[in-house]
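Protein sequences appear in the order of chains A and B.
The opening residue of the first sequence carries number 1 in the working numbering; numbering runs sequentially from there.
The opening residue of the second sequence carries number 1001 in the working numbering; numbering runs sequentially from there.
A portion of the hints provided could be inaccurate.
As the list claims (entries may be wrong) - Chain B side only, calculated, beta carbon under 8 Å to chain A, not exhaustive:
#1 Ser1031
#2 Arg1112
#3 Asn1152
#4 Gly1154
#5 Ala1312
#6 Ile1344
#7 Ile1348
#8 Ala1354
#9 Ala1360
#10 Gln1361
#11 Ile1366
Hints are computed from structural coordinates only; laboratory data are not their basis.
Keep in mind it's a predicted model, so treat the numbers as computed, not measured.
The C-beta atom is built at its ideal place from N, Cα and C for all residues, glycine as well.
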Amino acid sequence: MSKFSITRRGFAKGAAVAATAALLHPAEILAQSAATPAMPLAQKAQDSLAKLPPASRAEVEAKFSEIVRRYGDRLSADQKADILRIMAESQPGLDKLREFLLHNDDQPATVFQISRKANPAIAAANEKGTA
Amino acid sequence: MLSENILFLSVTELARRVRQRQLSPVELAESYLERSRTLGSRLNAYATLTPELALKQAHAAEKEIAAGKYRGPLHGIPYAAKDLLAVQGYPTGWGARPYAGQKFDDDATVIRRLNDAGAVLIGKAAMIELAGGMGYRYASASATGAAKNPWNDGCWTCGSSSGSGAVAAAGLAAFAIGTETWGSIVCPSAFTGVSGLRPTFGRVGRAGAMALAYSMDKIGPLARSAEDCDLILQAISGHDPDDAGSLPESEARYSGAPEPREKLRIGWVTNQWQELSPGVNTAIASALDVLKKIPALTVSNVALPEGPWETAAGIIVSVEGAAAYRELIQSGRVAELSDPMGKIGGYINESISASDFIGAQRIRRIVQKKMDELFEHVDVLATATLPVTASKIEANLDEALSFSDPLGGIGNICGLPAISVPCGFSKEDLPAGLQFVGRPLDDAKVLQAARLYQHQTQWHTRHPKLLV
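Just chain A, same shape as in the assembly:
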């Protein structure tokens, strides 16, 4: 689906917005974007964020800022607030996942396997013990 690749102009525009957004706190981003200061979605997002422990909250804020840096120019105030709320509400699950005890030798379910097409010449050589 290469027809949807980002244009150079789109990238430049995104980078300009990003330079500003990266310096802002999520609450400021939402306040800047909001049509009205008492927007319910923004409030919900802030409420969800406030429930998190400081480290989790900082992580959500950092990730949210990165999304706004990259894509903020195409997102409405409501969409930004929705993203922040969803991220804040998802964070406790992520924190629990990280608490799950894993040992060094707990391999991921996707273990690399080598692959090659069957080659009759090599198979024949193997049978003769010459490969």
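Keeping the supplied structure of chain A fixed, place chain B upon it in accordance with the hints.
Here is chain B on its own, set in the frame of chain A:
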């Protein structure tokens, strides 16, 4: 136009009549096509109808059968395929506006296998955009609008195989093909009262199927009975050299579920749902009573292992989906999707770290082992497919379907086969589903359990009253 009594017959019975030349494949295709044009349109069941292809295939089947060349139980049997399966010469829009009109040069493997079996493609079933890969909040998250439930058109069919559920339940074809990454076959089956099979991961080839989560996507049938699902799986299973997740032929090939030689050990799951709605609760209690009385079954209580399996499953779907749709997300064309969640979900999913993704994959392996241990004690797990009956068509799904689903998460990251069969109706006359889940490659046991249940009950023979 054939009568409803015939159009709602099982594949098994239709096949018998077709083989004995009591039923014409052409007449069958024309009747389902007519019903699909009228009822299908009202239910938003289809993305595209394929009448030219259907009639060509039906005429070919009729000619072959008349000449004594019978290919098997799907020969001359009409079906619909979810609109994420490529069909040469027809659009395959993945339910999403950014891909409307998209065409592929080759048939998907599953379509090719059904062609080989002599089945007749009536149309491409509607679906949730990108199979829900960017997330969705409303039933209307589809280029073709919300699929309406044949039992009550004010209710949804569930997704993402939303059209496949409507097609099978409304008798618009003899069966439909759907896909599941997490819930997309079993949920529509439960909401619409049909029998839907999610095969073991890797058993049905996915070449030519839209990818959402490469390590979780499965293809399976939605039909009138477990017996029908068994026949259809026999036709569509097998190794697919163009699908990296495909099992070797010796494992992928499914040869049918014989009568069980020993008693099947059913594990009744005690910790799947926190609460059941009254309608589901009554139906599922009756289903348990039925299972306990079947001599070929033993039933004992089991508990699923506790752990962050659902979060792990969610991370895997989200990251694989963000990778599969990277260009759609980064180009901003997700804004063309219908659903408010779909427009932003990709941005959130892109922000998940590689470390968390690999952590989820490591946890996935642990739950695989835990489930394998559980299956040392039972053959098949059983529980309600969902804790509720069909949601309202306009409902916010974040609210209407916001429940924990550990077996859904586990089953889909472990690639376990599952079937949902109808097990009763609520006071509102909406179906409730009973699911059976098995060990990888134990599709036959899952089907045996469901078939034994359906031998004792008639829920799967009920169909909605629809005015054509």
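Okay, the hints, checked on the actual structure:
1. Taken as an interface hint, Ser1031(B) does not check out: its beta carbon lies about 38 Å from the nearest beta carbon of chain A, beyond 8 Å.
2. Proximity of Arg1112(B) to chain A is violated relative to the hint, the smallest CB-CB distance being about 21 Å (cut-off 8 Å).
3. Of the supplied interface hints, the one on Asn1152(B) is violated, with its beta-carbon coming no nearer than about 30 Å to a beta-carbon of chain A, more than 8 Å.
4. This hint is violated: Gly1154(B) has a C-beta 27 Å from the nearest C-beta of chain A, more than the 8 Å allowed.
5. Interface hint at Ala1312(B): satisfied, since its Cβ lies 6 Å from the closest Cβ of chain A, which is below the 8 Å cut-off.
6. Checking Ile1344(B) against chain A by beta carbon gives a least distance of about 5 Å; that is within 8 Å, so the hint holds.
7. A least Cβ separation of about 6 Å between Ile1348(B) and chain A falls short of the 8 Å threshold, and the interface hint therefore holds.
8. Violation of the interface hint for Ala1354(B) is found here, the shortest Cβ-Cβ separation to chain A being roughly 11 Å, above the 8 Å cut-off.
9. Using the Cβ-Cβ criterion of 8 Å, the hint placing Ala1360(B) at the interface with chain A is satisfied: the shortest such distance is roughly 7 Å.
10. At a threshold of 8 Å, the smallest CB-CB gap from Gln1361(B) to chain A is about 3 Å, leaving the interface hint in force.
11. Satisfaction of the interface hint for Ile1366(B) is found here, the shortest Cβ-Cβ separation to chain A being roughly 6 Å, below the 8 Å cut-off.
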